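Asks: Using the sequences and the hints, build the whole thing.
Numbering (numbering that gives the first Met the number 0), first residue to last: 0 to 339.
These aren't lab readings, by the way, just hints derived from the structure by calculation.
Mixed in with the good hints, there may be bad ones.
[As the list claims (entries may be wrong)] Label-pair ranges, simulated between beta-carbon atoms: (1) Ala81 x Glu280: 23 to 31 Å; (2) Val205 x Pro174: 20 to 28 Å; (3) Tyr309 x Glu280: 38 to 46 Å; (4) Arg293 x Glu157: 21 to 29 Å; (5) Ala81 x Asp172: 38 to 46 Å.
A quick note: this is a predicted structure, and the numbers were derived from the prediction, not measured.
Yeah, the Cβ is synthetic: ideal placement off N, Cα and C, and Gly gets one too.
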Amino acid sequence: MTKRWLVWCGPLALIPALVASVAVPAAAQAPAGADWTLPRTADGHPDLQGVWANNNVTPLERPPEWADKARLSAEELAALEAAAAEATDPGQDALFGDQLVLAAIAGEQATSYDPTTGNYNQFWVVERDFNDRTSLVVDPPDGRIPARTPAAERLVAERAAHRAAHPADTWEDVPLQERCITYGVPRLGAGYNSYYQIFQTADHVVFLMEMNHDARIIPLDGRPQLDAGVRQWHGDSRGRWEGDTLVVETTNYSPKSDFRGASDSLRVVERFTRTGPDTLEYAVTIDDPTTWIRPWTASIPLLRSEDALYEYACHEGNYGMEGILAGHRAQERAAAAGER
0 MTKRWLVWCG
10 PLALIPALVA
20 SVAVPAAAQA
30 PAGADWTLPR
40 TADGHPDLQG
50 VWANNNVTPL
60 ERPPEWADKA
70 RLSAEELAAL
80 EAAAAEATDP
90 GQDALFGDQL
100 VLAAIAGEQA
110 TSYDPTTGNY
120 NQFWVVERDF
130 NDRTSLVVDP
140 PDGRIPARTP
150 AAERLVAERA
160 AHRAAHPADT
170 WEDVPLQERC
180 ITYGVPRLGA
190 GYNSYYQIFQ
200 TADHVVFLME
210 MNHDARIIPL
220 DGRPQLDAGV
230 RQWHGDSRGR
240 WEGDTLVVET
250 TNYSPKSDFR
260 GASDSLRVVE
270 RFTRTGPDTL
280 EYAVTIDDPT
290 TWIRPWTASI
300 PLLRSEDALY
310 EYACHEGNYG
320 MEGILAGHRA
330 QERAAAAGER
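Replies: If you want it as structure tokens, here you go:
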């Protein structure tokens, strides 16, 4: 039995509540085989419904230390798990995303990603699932996200410079996540409210994301996509079945969505395939020729969970925003006084 913690997100302190999880760890997953039959809905399509978790420890991109290695040996995987245990301490700041595995590879205890204010500690973070893969990126074969185009590199640098010079002139300078708007689609991050609930009907599928409680309602009835002038935070998605795989294609992203620096030319193709009684393979292909020199694909194993989804009660966009803006105004006044 693993532990899962429910977190209300606030700018300083977070209030945890323990929830017992009966999600089966990755190492104990029953493989698909003769004893498993793909469940189907009343209309004959694969039944993807339920709660699925992404608590993978596998990094998105292959670390340089594993440059020529797509998979770890059993001995290397055991050593990684032991090193990850050494890299964490229940009292230290929480390790999100790739932080845990990168600290383990470096053979050192990870430091806070937010040393100024700190964060809630590792004790409250879900246990991570290990497997022998060295990256979630499967294409290109080197496990690395392709290089950005020169124009995209300039744009990323300009945005970074603007954020440094204007961290909080207005609420619009504050990142979407801190404003409690969205963490974006697709969301590839693991281990932090990374649970998804899927609902199906004959002509729609719904993906309810625990993070920011976003709900994607996707038609499967063959309707055309929205006019190119209609732009949305999560883009405009259309789904279809290709055999036993659900394929979701998304375009029409808002230019403010900013998925890893992508432009509003971004096209995302997601594929969901049941591979066993407790496993759902999620493959996502990112295509934006104005941002990356070639498309790239990540493949993420999602594990079934018996947990319910809980409200992500994000408060930065409520009382936190007043403090963020007021603090920056105080910094501006102090800087102006120092110049006189």
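Asks: Work down the list of hints and note, for each, if the structure agrees.
Replies: Right, here's what the structure says about each hint:
1. Ala81 x Glu280: 23 to 31 Å: holds, 28 Å
2. Val205 x Pro174: 20 to 28 Å: Cβ of valine 205 to Cβ of proline 174: about 26 Å, so the range 20 to 28 Å holds.
3. Tyr309 x Glu280: 38 to 46 Å: Check failed, 25 Å falls outside 38 to 46 Å.
4. Arg293 x Glu157: 21 to 29 Å: For glutamate 157 against arginine 293, whose Cβ atoms are near 23 Å apart, the range 21 to 29 Å holds.
5. Ala81 x Asp172: 38 to 46 Å: Since alanine 81 and aspartate 172 have Cβ atoms about 43 Å apart, the given range 38 to 46 Å holds.
The structure fails hint 3 only (numbered hints given earlier).
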